[in-house]
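Undergrad: Respectively, the protein sequence lines represent chains A, B, C and D.
Numbering-wise, full-length UniProt numbering puts 44 at position 44 of the first sequence, and it's gapless, one number per residue.
Numbering-wise, full-length UniProt numbering puts 132 at position 132 of the second sequence, and it's gapless, one number per residue.
Numbering-wise, full-length UniProt numbering puts 111 at position 111 of the third sequence, and it's gapless, one number per residue.
Numbering-wise, full-length UniProt numbering puts 103 at position 103 of the fourth sequence, and it's gapless, one number per residue.
Among the hints, erroneous ones may be present.
For chains that are exact copies, the list does not tell them apart, and a pair is met inside one copy or across any two.
[Claimed, not checked] Each computed DSS-like pair below joins lysine-lysine, with the alpha-carbon atoms no more than 27 Å apart:
1. 9 - 120
2. 19 - 104
3. 86 - 133
4. 9 - 86
These aren't lab readings, by the way, just hints derived from the structure by calculation.
4 protein chains.
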Amino acid sequence: MASKEEIEKFMMADFPQSKCIVEAVGEQSATVRHRIGFDELRPGGTVSGPVLMTVADCALYVAILGEIGIVSLAVTTSLTINFMRKPSSTKDIIGKCTLLKIGKSLIVGEVSLYSEGDAKAVAHVVGTYSIPKSD
Amino acid sequence: MASKEEIEKFMMADFPQSKCIVEAVGEQSATVRHRIGFDELRPGGTVSGPVLMTVADCALYVAILGEIGIVSLAVTTSLTINFMRKPSSTKDIIGKCTLLKIGKSLIVGEVSLYSEGDAKAVAHVVGTYSIPKSD
Amino acid sequence: MASKEEIEKFMMADFPQSKCIVEAVGEQSATVRHRIGFDELRPGGTVSGPVLMTVADCALYVAILGEIGIVSLAVTTSLTINFMRKPSSTKDIIGKCTLLKIGKSLIVGEVSLYSEGDAKAVAHVVGTYSIPKSD
Amino acid sequence: MASKEEIEKFMMADFPQSKCIVEAVGEQSATVRHRIGFDELRPGGTVSGPVLMTVADCALYVAILGEIGIVSLAVTTSLTINFMRKPSSTKDIIGKCTLLKIGKSLIVGEVSLYSEGDAKAVAHVVGTYSIPKSD
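Chain A extracted, bound-state conformation:
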């Protein structure tokens, strides 16, 4: 297992490009935040789909690190996203992940994505990570 502080330190060192902020982690779940600005928007004043996928992927990764410890080479093997509502162009995106299965080689989780403060999710993601074998 890894704590919020360990994960933040690891993310800053190994994923300096990431704009995801770890809000909470533990008990097979995680919450992350992504600020929304010009780079994240698209026509019609909404958050771009790839930004939502980025937040979901990050939430899933953080939940996994929280559960199995710092494993930098865990990789996403599949991800399905359903876009459900138009995100706000002025609110942060919040991603809340719950792990559904923690296997030896595959971990499955789901993520609900929200415009901060809204009760209804803007998108829903199910994703699978593959965990490299330890020697």
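Following the hints, complete the assembly by docking chains B, C and D onto the known chain A.
TA: Chains B, C and D alone, transformed into the frame defined by chain A:
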């Protein structure tokens, strides 16, 4: 229908943040390119998953614009990506989209993503776009 | 909206082949049950994948009928299933659906599938139904 | 690798419930057929979604057996289906699978499903199988 030049002009005007380059469009398909640099990489020297999703989403969008004309408010409703091989950290990502169904309200397409010059796809995407009703 | 009794009656009349039993419906959710016998099993003493998909599809359909009333021509447009644990060969499969988005033309829901009495889901489904326009 | 005859024999012995007929297998692909009768239909005179999923799952499994030999405990880990056109109620369903990735532990393939004789697919599937470790 929209030509390569019309789509490029539209993308530059409406999606100035996009790094996707339109390579070809027509006959219910499209090819796009995305340069790979520091911002696109992650630990282990590979291209990040969200960048691959971005390229897939762009390829799908360009193929749709090529088929039905410039419709800025078309939105992705769902997208499934399977990551299959480690992309090269030094080659552009190429996305090749083929539309599978062109309905009045939903368009479905698949995208194969490649590290330029490699014959085997690094990822495969199936996505659906919703087309706004014209009045 | 349709009640449990109305849905059961409709299912028996219009889907006489279905083996799904409606257990509960309402508040944008539904629970269904499917008995498991020889026809539903596969090598290794487990429930076949298509049976799990059948139960998920049925749970989603029942939840939708409960929400919008009897609409026989609603059709599944996409469905993603993740198989997570080996189902029991001797227990009924229970499908619990929660609707995530109820739009005018698309409804999205998720379904967790269980071997009866087990707390951990054997599979997880996200699916989308298209609702025909009423005239 | 396994031949068409070996796979047919295995399917008959281990999956006696299956109605899938192996039409062709080899070169990382497979074609299967499923007869359509009363049991496979639903209101509106079309083939039920779960039947289409069954055919896709079978096509994927046959392609995998053709590639890696008879491995009865290979299991589906995930499957995404997009329904695109209304299948004919009077024609067999044909499933054509192409494997996209053959890894040591995961195999990814796609399947196009057709009403026999129609050029346009009624549904498209991407699925992943997990291959048990050999000792």
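Undergrad: Next step is simple, just say for each hint if it's right about the structure.
TA: Cross-check of the supplied hints:
no.: 1; hint: 9 - 120; verdict: neither (31 Å within a copy, 33 Å between copies)
no.: 2; hint: 19 - 104; verdict: neither (29 Å within a copy, 34 Å between copies)
no.: 3; hint: 86 - 133; verdict: between (40 Å within a copy, 17 Å between copies)
no.: 4; hint: 9 - 86; verdict: between (33 Å within a copy, 25 Å between copies)
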